Amino acid sequence: MEDVRIKVEGMTCQHCQMQVHDAIAVLDGVTMVRVDIEAGEATVSYDSLKIDLEQIKQAVRDADYQVVEEEETCPVPTLDGMKLMTEGIAREPVTTEAKDEAPRPKTAQSPPPKTELSPPDRTENTTIGVTGMTCASCVQNIEKGLGKLPGVIKAVVNLTTEKAVLEYDPAQVGPGQFTKTITDLGYGVVGESVTLHITGMTCASCVQNIERGLGKLDGVLKVSVNLTTEKGTVEYDPGRITVHDIIKAVTDIGYGAEEIKGVDADREREAREKEILSQKRNLILALILAVPVSVGEMGQNIAPLVNAVPGIMGFLGNDYFQFIFATLVMLLPGRQFFSGAYKGLKHGATDMNLLIATGTGSAYLISTASVYLDLGTGFEHKYFGTAVMLIAFIVLGRYMEANSRGKTSEAIKKLMGLQARTARIVVDKTEREVSIEDVKPGDIVVVRPGEKLPVDGIVVEGRSALDESMLTGESIPVEKNMGDEVIGATINKTGSFKYRATRVGSDTALAQIIKLVEDAQTSKAPIQRIADIVAGHFIVTVMSIALVAFFYWYFIGFERLDIAANYGIASPFLAALLIAITVLVIACPCAVGLATPIAVMVGTGKGAENGILIKGGEALETAQNLDTIVFDKTGTLTRGEPQLTDVVPGGGVSEDTVLMLAAVAEKGSEHPLGEAIVKGAAARGIDIPNGQDFNAIAGHGVQVTYEGSRVLLGTRKLMTDNGMDPAQLNNSMEAMENDGKTAMLIAKDNGIMGVIAVADTLKEHSAEAVKYLQEMGITTVMITGDNRLTAEAIARQVGIDRVLAEVLPQDKAAEVKKLQAKGQKVAMVGDGINDAPALMQADIGIALGSGTDVAMESAQIVLIKDDLRDVVSSIELSKRTMGKIKQGLFWAFAYNTAGIPIAVGLFGPYVIAPALAALFMAMSSVSVTANALLLKRFKLKRQEAV
Amino acid sequence: MIMAIQFARTLGFSSVTALAVGALFYVLSAEMSTASAAYTVNDTYLGTVFVFVLALIIGLAVWPRVLEKKE
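Here the protein sequences line up with chains A and B, keeping their order. Under the working numbering, the very last position in the first sequence is 1961; numbers go up by exactly one each time. Under the working numbering, the very last position in the second sequence is 293; numbers go up by exactly one each time.
Hints in this document: simulated from the structure, not taken from any laboratory. Since the structure is predicted, the reported quantities are computational estimates derived from the model, not experimental observations. Incorrect hints may have been included.
Label pairs and their in silico Cβ distance ranges [as the list claims (entries may be wrong)]:
no., chain 1, residue 1, chain 2, residue 2, range
1, A, Leu1347, B, Ser258, 46 to 52 Å
2, A, Tyr1387, B, Ser258, 41 to 47 Å
3, B, Val288, A, Glu1273, 30 to 36 Å
4, B, Ala259, A, Ile1303, 40 to 46 Å
5, B, Ala259, A, Ala1384, 17 to 23 Å
6, A, Ser1354, B, Arg231, 35 to 41 Å
7, A, Asp1522, B, Val288, 35 to 41 Å
8, B, Arg231, A, Asp1043, 43 to 49 Å
9, A, Arg1952, B, Ser258, 42 to 48 Å
Take a look, some chain A residues computed to stay more than 12 Å from chain B by CB distance [stated by the list, open to error]:
no., residue
10, Asp1389
11, Pro1541
12, Pro1587
Cβ coordinates follow ideal geometry from the N, Cα and C atoms, glycine included.
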């Protein structure tokens, strides 16, 4: 029997841990597997007659994890040596004994290809992620299906890892056929993802157009497009479609697209500025050209104006002058609407451009026709002014919208701006300034006071205080000493120090925060999907309403209301056309499309600025409805490490003497309780001499010899077993125990000297956070594995409503589920690996940034700081953001609901002129955006307190 | 190629729809012009063109979805 410890890289969550565990456990000859995600290693006992080390490593590699090289693999001498990692619930390895009767892997080799006549010249391997498998028969189905494909040499499907591994002849078959076969069988394929920067979108219909257009493509699995961020995330099957094809499809529909690789602040900014500049240029041009045309058109009806400047008014009112200027408006600032509408229509896509193009185009064309053709009575009046002012107002709206959109992404810009450009690293004992991209993990980075840290790392020399406010929102600088972790982008305030780079480039905490916030901002809140669908159908509805209104005013309204006499429009066509144009222009649903994404962007950005990372619109929407919050105890409500709390002397000695004796007994101890005593003594400035003959008495305490005396530290039983009576200190001890503390008696030479207590203490703001939540009407629950006495003592201190004590780590998720079954909307707040299932089970998982990566991955909200008041802030932010979304949607729909009846002439014809309708439409988008931006001024409770 | 065929099909259906709506407008308008002097031939022609274009646009937006659902 051999034992070995294998270093495994690439495990990021509990799921990975299970995958590695299962990949090894199923091997014949493996008798025991223990996988520790935090240590990044698997400890394996195996029968070397049945299996060798390389086969075990290969199994790990087959599961898509990396195994470090042979020389770094540590042999484990004995099984006893494997009594690792059993302390602390946060480091629980997955362990099972692999038994002979254990189920065999749900993988099988497919039958050999039947049609193959000769072995292929070259074979390739590919791994495809498969979803939707529930049992071994699913595995069989897929293996059989894939195995039947000509050219497939081997098809192995693993239910646990949800992967299909194929060996095939590329001359006969390709990944496209594999994914098609899998999807044809009714299973899903996990694709790759690409983020595109999409330009040219103007309203929610554009979002629908792109999503629908891409959704039709063979190989595209999922599409999510965000109007505000101008980004689209496409999940695709690389075997069937390439990124190039996806980009081409977007451009074919009429929009611009390019792949976003990594975090590029400059490119983002450039694109945004280009859009603003382009709309600004369009606006200036539109105003310069449109104002004379409009004055010329209106001036003809204002006698004093004509009399005052007859020459100028005559020139401006000239049909040919008006035609030339209007044509320039149509061709220059107005071109975007016509080209956009054309490109969209080619693909059956309708958007705001179509409405504008139809409205302005109709007014322009009829006016042009009446300049050059004799259309007879009623066509003397031209509508060039209407057409150009429509364009001018809409361009004004687009310019203001582009500016506002820039403001919504300020949070991301701020985060990106935090990155340092250069770093000073030690090369051959000399400091050298290099670009941040050139810093590698392991480099020693030198930072001077006032400088920004370029990458993440661990302090190896010197000490300082760092301003981490840019990431955590916490204004007080944090002390950093040797061995402490430091984060890139924070600012060194006081001393110089050196640190070893651990995470660089896209792995740094800042890069990951940016990615997380960007993803959140690209994701859609459920309410937004509904708004997008409504907006998507809105355009066709509006066009239909315009058509019906045209029919009505042409055939019925014109004569019934005697438009010619009452409004001076002699042509029924022109009378009906003006109504139709007004309908087309006033009813654009841009505000509907903007209301949600802008609020989500501002909300998530506001959170990020304050150290609250909200992973998407869905989390934001769910958090507002929470009515129960379950807190993990250790490490979440409490600090997670015991501290000295009480020292009660007995027998006429001082507190310091009692504490010194206890510290002597525990000096050098690695037990958390012992460490707490030694730290407590050191904190009081007590000199701790060395003891001799240290002896741990299992389950009872310790014994040590100090200056020739026997010192005992431990339980009542330890004392009574040694002939001492602890009755005199029993009351103090019981009081401590009732408060959830661990009380220990200290004795010297058969005389009890006192009692000391240690306990896991509450975090600074735990009680305050619980109080705020209760004020918000939220039920607070504490979940812990501790006994009820200890748990209730902590709960009393923190003021929690309900205690779930003696809950095993694996049962936490079940307890959350029970609460949900009662109809409660539950959030779970935790920090450890053991909290991950409960975080995922809860409606909202909230992880502390100081916690494990697993917890943070499992949660929808991550609090970068260790401040539980941010739980309150998250809920407040969610409520405020949803409030803004609802306000935005209400006003957007209200504009259209009120605007369309007015435009169709329900309250009489021409209550609103087409140009004014354009202004209203532009203002609706701007006002909805401005209202959402007000969220930036909202102060979180914690900020108010400060 | 597939996209071009789809577009041609959509355009065909949309054109037929637009022609039908345009023809309806033309007939009704011609009828009106015989009854009222306010309705000129130009109104009828221009109105027919406008209605045809609007109906064509609506058709181009609606038909792809209808055909997609049918398939």
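Status of each hint after checking the structure:
Between leucine 1347/A and serine 258/B the CB atoms are about 41 Å apart, so this pair departs from the stated range of 46 to 52 Å. At roughly 27 Å, the beta-carbon separation of tyrosine 1387/A and serine 258/B lies outside the given 41 to 47 Å, and the hint is violated. At about 33 Å, the CB distance of valine 288/B to glutamate 1273/A agrees with the hint of 30 to 36 Å. For alanine 259/B and isoleucine 1303/A, the hinted distance range of 40 to 46 Å is satisfied, since their beta carbons lie about 42 Å from each other.
Take alanine 259/B and alanine 1384/A: their Cβ atoms lie about 21 Å apart, and the range 17 to 23 Å holds. In this structure, serine 1354/A and arginine 231/B break the distance hint of 35 to 41 Å, their C-beta atoms being roughly 24 Å apart. Our hint of 35 to 41 Å for aspartate 1522/A and valine 288/B is violated, since their Cβ atoms are close to 50 Å apart. Here the CB-CB span from arginine 231/B to aspartate 1043/A is close to 59 Å, at odds with the stated 43 to 49 Å.
Look at arginine 1952/A against serine 258/B: about 60 Å separates their beta carbons, and that is not inside 42 to 48 Å. With 12 Å as the threshold on Cβ separation, the claim that aspartate 1389/A sits away from chain B is violated: the shortest Cβ distance comes to roughly 9 Å. With a least beta-carbon separation of about 23 Å from chain B, proline 1541/A lies farther than 12 Å from that chain, consistent with its non-interface assignment. Distance check for proline 1587/A against chain B: the nearest CB is about 5 Å away, which does not clear 12 Å, and the non-interface claim fails.
Taken one by one, the earlier hints fail for this structure at numbers 1, 2, 6, 7, 8, 9, 10 and 12, listed in ascending order.
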